Amino acid sequence: MASVSNSLEREIGHAKSSTLNRESPVVISFSGIDGSGKSTQIAKLLNRLRDAGLVVSQLTFWDDVAVLSRFRADVSHKLLHGEGGVGTPENPVNRNDKNVRTWYLTLPRCVLHFLDSLCLRQKLRRARANAPDVIVCDRYIFDQLATLPLDRAWARACARLILQVAPIPDVAYLLDVEPEIARARKPEYPLDFMHRYRASYLQLRDLAGMAMIEPMSQDEVHEAITTKLQDSTNLRLRNSTS
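Under the numbering used here, the sequence shown is numbered contiguously, ending at residue 242.
A portion of the hints provided could be inaccurate.
Think about it this way: if two alpha-carbon atoms lie no more than 27 Å apart in a straight line, the pair counts; the simulated DSS-like pairs of lysine-lysine are [said to hold, decoys possible]: (1) 228 to 78; (2) 78 to 98; (3) 123 to 98; (4) 98 to 228; (5) 44 to 228.
Using C-beta positions, here's what the derived DEER-type ranges look like [to be verified]: (6) 69 to 199: 21 to 31 Å; (7) 129 to 46: 15 to 25 Å; (8) 217 to 112: 30 to 40 Å; (9) 233 to 94: 37 to 47 Å; (10) 149 to 239: 39 to 49 Å; (11) 55 to 78: 38 to 48 Å; (12) 64 to 232: 36 to 46 Å; (13) 78 to 178: 32 to 42 Å; (14) 129 to 68: 23 to 33 Å; (15) 67 to 102: 17 to 27 Å; (16) 178 to 129: 34 to 44 Å; (17) 207 to 43: 26 to 36 Å; (18) 92 to 233: 33 to 43 Å.
Simulated from the structure, these hints should not be mistaken for laboratory data.
Since we're looking at a predicted model, the values are computed, not measured.
Glycine included, C-beta positions come from ideal geometry on N, C-alpha and C.
Input sequences plus hints: build the corresponding full structure.
Below, the structure written as structure tokens:
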């Protein structure tokens with residue numbers, strides 16, 4: 001416990017003084033509701049970056065950053081009795097976790113999200129120490145905060161506090177999609193929740209300064225992503241041959 005406490009104290013100490021600067025690798029994050037196409041666009045961008053000769057590191061938020069991720073998943077499954085696995089059009093599942101927004105679950109989540117943001121700082125420092133050109137984050141603290149009921153003032157205040165601690169990427173993409181389309185691609189949550197979930201992301205776009213990519217074809221979304229990346233950083237990529 002003492003080592004955990006000391007680690008948290010160090011992270012809190014770094015929170016105000018440590019920033020991502022242009023001397024560092026370019027940090028990119030991808031966020032959006034389930035079924036928005038994040039995995040597809042991350043794969044396309046990784047290929048484009050590597051084709052340009054850039055050294056790329058990747059962080060997957062739930063696997064590499066989230067605090068006590070396995071414990072959280074197990075507790076959620078046992079308490080809320082949702083189905084596991086990833087939903088597909090051929091095999092839909094009925095998950096029951098982040099769509100449950102009761103206050104007695106949301107308050108502990110706020111604490112965990114704060115710890116996630118501290119862990120994120122640490123993980124990014126370690127990733128930068130390996131001196132890649134680019135760090136691509138598959139989901140980010142924004143995706144955790146989007147599960148909060150951001151239509152409530154207290155939840156927005158919590159999100160603002162956590163955003164003050166979390167490092168801000170150089171480019172934070174929000175892939176937008178209509179909930180009906182997203183659910184057809186990845187049938188896991190009720191449609192009414194998907195609409196509330198998307199609304200939370202739209203609020204976070206303003207709170208966190210995310211770059212929203214409008215719904216388009218996969219290739220058009222990819223080109224919008226690379227255009228924004230080159231406009232916002234010193235990275236220069238070859239024209240796509242796809």
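Checked hints:
Using a Cα cut-off of 27 Å, the hinted pair residue 228 and residue 78 is violated, with the two alpha carbons roughly 42 Å apart. Distance restraint check for residue 78 and residue 98: the Cα-Cα separation of roughly 14 Å lies within the 27 Å cut-off, and the hinted pair is therefore satisfied. Taken as a hint, the residue 123 and residue 98 pair is honoured in the structure, with Cα atoms around 24 Å apart against an allowance of 27 Å. Taking the CA atoms of residue 98 and residue 228, the gap is near 30 Å; set against the 27 Å cutoff, the hint is violated.
With a CA separation close to 15 Å, the supplied pair residue 44 and residue 228 stays within the 27 Å bound. For residue 69 paired with residue 199, a C-beta distance near 26 Å keeps the hint of 21 to 31 Å intact. Between residue 129 and residue 46 the C-beta distance comes to about 21 Å, which sits within the given range of 15 to 25 Å. Checked against the given bound of 30 to 40 Å, the beta carbons of residue 217 and residue 112, roughly 37 Å apart, stay inside it.
Evaluation of the 37 to 47 Å hint for residue 233 and residue 94 yields a pass: the beta carbon distance comes to about 41 Å. A C-beta distance of roughly 43 Å is found between residue 149 and residue 239, which places it inside the suggested range of 39 to 49 Å. Checked against the hint of 38 to 48 Å, the pair residue 55 and residue 78 passes, with Cβ atoms roughly 41 Å apart. Checked against the given bound of 36 to 46 Å, the beta carbons of residue 64 and residue 232, roughly 24 Å apart, lie outside it.
Separation of residue 78 from residue 178 is about 33 Å and conforms to the stated range, judged on CB atoms against 32 to 42 Å. In this structure, residue 129 and residue 68 meet the distance hint of 23 to 33 Å, their C-beta atoms being roughly 24 Å apart. In this structure, residue 67 and residue 102 meet the distance hint of 17 to 27 Å, their C-beta atoms being roughly 21 Å apart. For residue 178 paired with residue 129, a C-beta distance near 41 Å keeps the hint of 34 to 44 Å intact.
Separation of residue 207 from residue 43 is about 28 Å and conforms to the stated range, judged on CB atoms against 26 to 36 Å. At about 39 Å, the beta-carbon gap between residue 92 and residue 233 stays in the expected band of 33 to 43 Å.
Violated hints, in rising order: 1, 4, 12; the structure is consistent with all others.
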